[in-house]
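Enquirer: Chains A and B, in that order, give the protein sequences. Residue numbers for the first sequence follow this note's numbering, so the first one is 11 and each next one is one higher. Residue numbers for the second sequence follow this note's numbering, so the first one is 2 and each next one is one higher.
Be aware that one or more of the hints could be misleading.
As the list claims (entries may be wrong) - Using 25 angstroms as the maximum straight-line C-alpha spacing, the simulated DMTMM-like pairs for lysine to aspartate or glutamate come out as follows:
{"#": "1", "chain 1": "B", "residue 1": "Lys43", "chain 2": "A", "residue 2": "Glu257"}
{"#": "2", "chain 1": "B", "residue 1": "Lys43", "chain 2": "A", "residue 2": "Asp265"}
{"#": "3", "chain 1": "B", "residue 1": "Lys43", "chain 2": "B", "residue 2": "Asp69"}
{"#": "4", "chain 1": "B", "residue 1": "Lys43", "chain 2": "B", "residue 2": "Glu55"}
{"#": "5", "chain 1": "B", "residue 1": "Lys43", "chain 2": "B", "residue 2": "Asp29"}
{"#": "6", "chain 1": "B", "residue 1": "Lys43", "chain 2": "A", "residue 2": "Asp223"}
{"#": "7", "chain 1": "B", "residue 1": "Lys43", "chain 2": "A", "residue 2": "Glu271"}
{"#": "8", "chain 1": "B", "residue 1": "Lys43", "chain 2": "A", "residue 2": "Glu28"}
{"#": "9", "chain 1": "B", "residue 1": "Lys43", "chain 2": "B", "residue 2": "Glu13"}
{"#": "10", "chain 1": "B", "residue 1": "Lys43", "chain 2": "A", "residue 2": "Glu267"}
{"#": "11", "chain 1": "B", "residue 1": "Lys43", "chain 2": "A", "residue 2": "Glu47"}
{"#": "12", "chain 1": "B", "residue 1": "Lys43", "chain 2": "B", "residue 2": "Asp58"}
{"#": "13", "chain 1": "B", "residue 1": "Lys43", "chain 2": "A", "residue 2": "Asp260"}
{"#": "14", "chain 1": "B", "residue 1": "Lys43", "chain 2": "A", "residue 2": "Asp259"}
{"#": "15", "chain 1": "B", "residue 1": "Lys43", "chain 2": "B", "residue 2": "Asp63"}
{"#": "16", "chain 1": "B", "residue 1": "Lys43", "chain 2": "A", "residue 2": "Asp30"}
{"#": "17", "chain 1": "B", "residue 1": "Lys43", "chain 2": "A", "residue 2": "Asp48"}
{"#": "18", "chain 1": "B", "residue 1": "Lys43", "chain 2": "A", "residue 2": "Glu221"}
{"#": "19", "chain 1": "B", "residue 1": "Lys43", "chain 2": "B", "residue 2": "Asp88"}
{"#": "20", "chain 1": "B", "residue 1": "Lys43", "chain 2": "A", "residue 2": "Glu81"}
{"#": "21", "chain 1": "B", "residue 1": "Lys43", "chain 2": "B", "residue 2": "Glu79"}
As the list claims (entries may be wrong) - Chain A residues, not near chain B, derived (Cβ > 12 angstroms throughout):
{"#": "22", "residue": "Arg64"}
{"#": "23", "residue": "Val66"}
{"#": "24", "residue": "Asp198"}
Hint data in this document are derived by calculation from the structure and do not stem from the laboratory. Backbone N, C-alpha and C define an ideal beta-carbon position, used for all residues, glycine too.
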Amino acid sequence: MTVVPRGPEGVGIGWRREIDLTVERMAGVDFVEAVAEDLHAGELPTSLATLRARGVPVLPHAVSLSLGGAEPLRHDRVEHLAAVADALGAPLASDHVAFVRAGGLESGHLLPVPRTREALGVLVDNVRATQAGLGVPLALENIAPLLAWPDAEMSEGAFLAELCERTGAWLLLDVANLHASAVNLGQDPEQVLDELPLERVVYVHAAGGVERDGVYHDTHAHPLTAPVLELLEELCARRRPPAVLLERDDRYPPDDELAAELAALRAVHARVRA
Amino acid sequence: MSREDLARRQAELLAALVAGGPAPSGVDPARVALEADALRAKRRRVLARLLPAEVHDAPGQDLGRRLDAWIAAHPRREGTSMRADTDAFVAALRADGALPRGLRAMRHRWRSHSAHR
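Just chain A, with the same shape it has in the complex (with noise of 0.2 angstroms):
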């Protein structure tokens, strides 16, 4: 049987350099995740090692060791994220179910992969080889995706579903993403939520977003909005889990803002259904 990691609970908000003092101060703050390319082992900043010394777990988030990507994994960066999970005693390790280099060429963000079978074989691979150089569990994350490859074989949920179960990785689902899948790609979140191994999801990823032209931009920039709060109580109801963080990574809002958001998770999460 497997066994679950001991990941975070509660609720928890990405922790970032222009806002490590309202990360600080703010009240009900149970987890933190920061980004692992940011972070230099040796040399953690002064904010993440008063919220270790408090008992906040820190967790890193990877966005560079293109899973996804055809071309060799990286192994440098699989390293870099070893040694800061190290660092940071985090209870597991995440990274997107995404690529982000290919040709020679860095893209700077997430990009889809095709969902195919030939596309599941290379990510289940990179995903082993990362396991075998991580101390921790490794998490895998939905992205908010702009576009679509053709000649889809599997659906997202179908598709993590098997991703999960070959690797034996971890979720960290996104809701916001998952909402942006529904509005860019017409698919149906809650057939997502239904192919999901939801036992295997070990926290969640919110954020706010702005939706122009009939496109959703996970922009991180913006308020919350409720049509990712209604995914997250979905999820909820069919499988509450373990914690909920919010990201912001722009346009920072006034601290009473940020915290008003966190407690709009907590609200939700916490919320016990029948």
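Dock chain B against the given chain A, drawing on the hints supplied.
Expert: Using the frame of chain A, we list chain B on its own:
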């Protein structure tokens, strides 16, 4: 599709997004344009954030236009961190005479500041 085909298709999509290449067959060109805009905007934001205040404050250099031109002309090569991208941009500004003398001395002050994505 083989691994090699997948690598080629991914390279084709990325070239379409950041280097002006054609959209891969079967991928909506309008969405490729949209994603390309999003990637440019993100790189612009990250560059602007990593630039030292002295560059933001340098007079009469039309920073926004220069950033856009830099991003369009220099797709980020594999292994180039955003920090290295920022350094190269500042070096190009300096080579163009767009920065006042004396900025070089400030470089090491902000170099260790953050981020090596």
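Enquirer: Now tell me if each hint is right for this structure.
Expert: Hint check:
The suggested pairing of B:Lys43 with A:Glu257 holds, with an alpha-carbon distance near 16 angstroms, which does not exceed 25 angstroms. The suggested pairing of B:Lys43 with A:Asp265 holds, with an alpha-carbon distance near 24 angstroms, which does not exceed 25 angstroms. Restraint check: the Cα-Cα separation between B:Lys43 and B:Asp69 comes to about 11 angstroms, which is no more than 25 angstroms; the hinted pair holds. Note on B:Lys43 and B:Glu55: the hinted pairing holds, with a Cα-Cα distance of about 22 angstroms set against a maximum of 25 angstroms.
Our distance criterion of 25 angstroms between C-alpha atoms is met by B:Lys43 and B:Asp29, whose separation comes to about 21 angstroms. With a C-alpha separation of about 19 angstroms, the suggested pairing of B:Lys43 with A:Asp223 holds against the 25 angstroms cut-off. For the suggested pair B:Lys43 and A:Glu271, the alpha carbons sit about 24 angstroms apart, so the restraint of at most 25 angstroms is met. Our distance criterion of 25 angstroms between C-alpha atoms is met by B:Lys43 and A:Glu28, whose separation comes to about 17 angstroms.
With a C-alpha separation of about 20 angstroms, the suggested pair B:Lys43 and B:Glu13 falls inside the 25 angstroms cut-off, and the hint holds. Taking the CA atoms of B:Lys43 and A:Glu267, the gap is near 24 angstroms; set against the 25 angstroms cutoff, the hint holds. At most 25 angstroms may separate the alpha-carbon atoms for a hinted pair to count; B:Lys43 and A:Glu47 meet this at roughly 16 angstroms. Note on B:Lys43 and B:Asp58: the hinted pairing holds, with a Cα-Cα distance of about 21 angstroms set against a maximum of 25 angstroms.
Simply put, B:Lys43 and A:Asp260 have alpha-carbon atoms about 11 angstroms apart, close enough for the 25 angstroms limit, and the pair holds. Annotation: proposed proximity of B:Lys43 to A:Asp259 holds, straight-line Cα distance about 11 angstroms (limit 25 angstroms). A distance of roughly 19 angstroms separates the Cα atoms of B:Lys43 and B:Asp63; the hinted pair therefore holds under the 25 angstroms criterion. At roughly 21 angstroms between alpha-carbon atoms, B:Lys43 and A:Asp30 fall within 25 angstroms of each other, so this suggested pair holds.
Between B:Lys43 and A:Asp48, the direct Cα distance comes to roughly 16 angstroms. Compliance with the 25 angstroms bound is thereby established for this hinted pair. Distance hint between B:Lys43 and A:Glu221 is fulfilled; the C-alpha atoms sit about 17 angstroms from each other, no more than 25 angstroms. Restraint check: the Cα-Cα separation between B:Lys43 and B:Asp88 comes to about 17 angstroms, which is no more than 25 angstroms; the hinted pair holds. Taking the CA atoms of B:Lys43 and A:Glu81, the gap is about 24 angstroms. The hint holds against a cut of 25 angstroms.
With a CA separation close to 17 angstroms, the supplied pair B:Lys43 and B:Glu79 stays within the 25 angstroms bound. Distance check for A:Arg64 against chain B: the nearest CB is about 23 angstroms away, which clears 12 angstroms, and the non-interface claim stands. At the 12 angstroms boundary, the C-beta of A:Val66 stays outside the reach of chain B, the nearest C-beta of that chain being 21 angstroms off. The Cβ of A:Asp198 sits about 19 angstroms from the closest Cβ of chain B, beyond the 12 angstroms cut-off, so the non-interface label holds.
No hint from the list above goes unmet by this structure.
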